[in-house]
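**Q** If you're matching them up, the sequences are chains R and A in order. Following the numbering used here, the numbering of the first sequence begins with 60 at its first residue and continues without gaps. Following the numbering used here, the numbering of the second sequence begins with 60 at its first residue and continues without gaps.
Treat the hints with caution; some may be incorrect.
As the list makes no split between identical chains, a pair holds if one copy fits it or if it spans any two.
[As the list claims (entries may be wrong)] List time: in silico DMTMM-like cross-link candidates among lysine to aspartate or glutamate, alpha-carbon distance up to 25 Å:
no.	residue 1	residue 2
1	Lys370	Glu103
2	Lys441	Glu390
3	Lys550	Glu453
4	Lys533	Glu374
5	Lys533	Glu454
6	Lys370	Asp158
7	Lys370	Asp500
8	Lys441	Asp70
9	Lys305	Asp283
10	Lys550	Glu394
11	Lys441	Asp408
For the record, the hints were derived by calculation from the structure and aren't laboratory data. Since the structure is predicted, the reported quantities are computational estimates derived from the model, not experimental observations.
Number of protein chains: 2
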Amino acid sequence: MSKETSSTSIDTALQQSQEAFLVYRRVSGAKKADFLEAIAVEIEALGIRLLQQAMEETNLPEARLAGERARTCNQLRQFSTLVKEGSWVDARIDTAIPDRAPLPRPDLRKMMVPLGPVVVFGASNFPFAYSTAGVDTASALAAGCTVVLKAHPAHPKTSEMVADAISKAIAKTGMHVHTFQHVQDSSFESGKALVQHPLTKAVGFTGSFSGGMALYHYAVQRPDPIPVFSEMGSINPVFILPGALKVRREKVADMYAASITQSVGQFCTNPGLMMGLQSPALDQFTQQLGDKMKNIAPGTMLHPGIASNFKKNREKALAQKGVSLVAESIEKPKENQGTSTLSTVNASDFLNDPVLVEEVFGPYSLLVKASTIEELTAAVNKLPGQLTATIIGEEDELIHYAEFIQLVMEKAGRVIINGVPTGVEVCPSMHHGGPFPSTTDSRFTSVGTDAIKRFVRPVSFQNFPEALLPAELKQSNPLGIWRLVNSELKK
Amino acid sequence: MSKETSSTSIDTALQQSQEAFLVYRRVSGAKKADFLEAIAVEIEALGIRLLQQAMEETNLPEARLAGERARTCNQLRQFSTLVKEGSWVDARIDTAIPDRAPLPRPDLRKMMVPLGPVVVFGASNFPFAYSTAGVDTASALAAGCTVVLKAHPAHPKTSEMVADAISKAIAKTGMHVHTFQHVQDSSFESGKALVQHPLTKAVGFTGSFSGGMALYHYAVQRPDPIPVFSEMGSINPVFILPGALKVRREKVADMYAASITQSVGQFCTNPGLMMGLQSPALDQFTQQLGDKMKNIAPGTMLHPGIASNFKKNREKALAQKGVSLVAESIEKPKENQGTSTLSTVNASDFLNDPVLVEEVFGPYSLLVKASTIEELTAAVNKLPGQLTATIIGEEDELIHYAEFIQLVMEKAGRVIINGVPTGVEVCPSMHHGGPFPSTTDSRFTSVGTDAIKRFVRPVSFQNFPEALLPAELKQSNPLGIWRLVNSELKK
């Protein structure tokens, strides 16, 4: 299918998507579950060929890609389980009270229904998990939306292989042929046209701030604005409290040297900013972390554009007033490689320089030394919204810093105690979506089963005869789902 | 408080709101419940004086206002019950699996937290239920957000009385004095400044399309866009199927004569459009409905601006090609009164005239006669998004028209069978929010307890020690709320 649709105009793609939507929106949860499971099976059936193709296009190592493929199939299966069970539709029933005074209460029932055709943009840094059959596609299909996927130009062949797997799953499970469509077109205009097409009802994107905001503005300037879920990255601040620095600075340095440089720093949850209170222990920690990072060799980045941006942004950050280089990879970077880098600055300089809260996408982190807790607090207040924030501290000092942690929480979508922000667990309790500018909408997640909520809206059914109600809302509860019936949650 | 803050600058109001937010966001559900209950009690304590003030400012009759006050206090109490019980925070817990291969699973917990200071604009047509202590204020306060309320200039004294009641409730329940603030300023600039203030985190509005869209565009053009919930009205189409017209056209005409003219048609759910298939029965129905509406006297509208807009928009609608007047109030309208009006047009003219899907706010309805089901379907496809849509039909013909009803459902937030769209029940199953342009965000409701979801975002807590977790997420579940624990819903 992808080969055909690659030459199809965007208008045709959306017309076909709408046509498929009118069929697909009414497919049962059980059948959508089979379809999502079939996509996972077809991706797995591509075996090593898929990994080889992705290695060639992304420079990511096989083990990392194998892990990402497993995560992608796991995601598809989690959504499959979710829609097979069915309670996600958030069904509510308030039965009629015909003799209520002064007015009778009608029978009212409510559930989530799909929005319509969704446009998904593949991401460069996750060729599987956030791309063709990634979480945006999986959650939109689970919701009952059809998908028009714009392949990321950095891995077109990988994307095409995955799109073919989805086509096979469509054929095997008897879905409408245009339930999923694959568009290969790297032009700026095609992205705009996809977002502004009248039939597009929502957009999923993971990538740069400039890319995400361009799509956002196209969407809100439509005659009928639509939601855009742009996940645009973050510097993921880490606050290291004095007690932890005293007791286990070597261990923390180990953890962070690995987290900062993992996958050449190309994660949206990469810890790009660390902060602590000035002390000899903090100086030693800085040294230890730098020593470890020196020995982590530069790695080839996803594509030349990302590598040259890293070089440019790293140099810009290092040239700011008061910033000094602590350490960089001993091994010199080759072409398109990113070199592991740790820099440091005093909080007073940090507080006066907006450049220092900008993301340097790659294996880079800035360590800020504050002289007082007031300065640390001022630094938190200065931070833009973040996907994550982390606190490293001993148990008793965490209690002591409870107010400070509360403040940090206002800035982030996920707060981690004594861990690293990289490694985003795929589960119902995950929230991957922070206050602006980390995402365009802090109320929704792009990881975990709640990602389905981005692509649905509630509809109330008033006084419907039983025969016309969807299965989720029928009196007999044939699907056996959880429902709020007259304000009581029951199956 | 309102007298003081009326002269306070908007910047000060938001600074104070943020200061109060840092305290209020951590107030327990039980205490927020007491506060909301106290607001209801203080509003009721104003007794007849409040109704008299509102009658003077809105021209609405006492019985209507007494009913609206009851609804407003009922809303406050529903939110009180909701936050006292506590399960609304949608708590999820995925416990750690330290020995999972290849990577351990961390302990992850998630719940909803308040967004921050919310700006609410009072509505002219509901001086209580959508104004000072209306659903936007009640749901924002229930969520843990502070509120800056901009009084509607059409009923400033009523608004001030309700604001004073809230101030009393603040004092009695020991809330921060700036948890709620009242701004009296009818200038265009003040609305813009409130929406664009950096500390404002969300906006609630009920009113005209132009007003709602102006606020929306201010919000999305901010350096950090924020959500705006504008509820902008609707023409609420009603489809009358042939069987019902044969069997009970007189009864339907009775129902609709009342619904179209209730409160001089000044409801966002007023049925401004009716459609049916051409037949002698439809002609008779049109005549019957017209005869009934003739005898419904003109009523004084909320304020002179609304009355002159009604006059202008009614004349514009009646002047469109093919539109003919069926009936209007026999009694001539006095100054600022709206006259009950029924007009009719053939579907072929309706399909070619975009003016005919524009709202005429007041006691006006247009009856469209389609010659075929295809024409009726084309008319549905032409409709912009609606708060509601209604089908009048006999049980067997409803089944026959199931596909058509599905199509109608794509256009509306609530679908009613054999009823009228006016009368919006306040309950968990209510969805009051349709596809654009009826609202700016079809995913959220502005009636019913789910309105609280507009003012919260999820936060994940990773590896938090028990002592630092909020009560909602502690292992022991001290609040006894429903939680999704390792994918199983339990108390």
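**Q** Indicate, hint by hint, whether the structure satisfies it.
**A** Results of checking the hints against the structure:
| no. | hint | in the structure |
| --- | --- | --- |
| 1 | Lys370 to Glu103 | neither (36 Å within a copy, 66 Å between copies) |
| 2 | Lys441 to Glu390 | neither (35 Å within a copy, 65 Å between copies) |
| 3 | Lys550 to Glu453 | neither (43 Å within a copy, 31 Å between copies) |
| 4 | Lys533 to Glu374 | neither (62 Å within a copy, 45 Å between copies) |
| 5 | Lys533 to Glu454 | between (50 Å within a copy, 16 Å between copies) |
| 6 | Lys370 to Asp158 | neither (73 Å within a copy, 39 Å between copies) |
| 7 | Lys370 to Asp500 | neither (30 Å within a copy, 41 Å between copies) |
| 8 | Lys441 to Asp70 | between (44 Å within a copy, 19 Å between copies) |
| 9 | Lys305 to Asp283 | neither (56 Å within a copy, 39 Å between copies) |
| 10 | Lys550 to Glu394 | neither (60 Å within a copy, 57 Å between copies) |
| 11 | Lys441 to Asp408 | within (13 Å within a copy, 58 Å between copies) |
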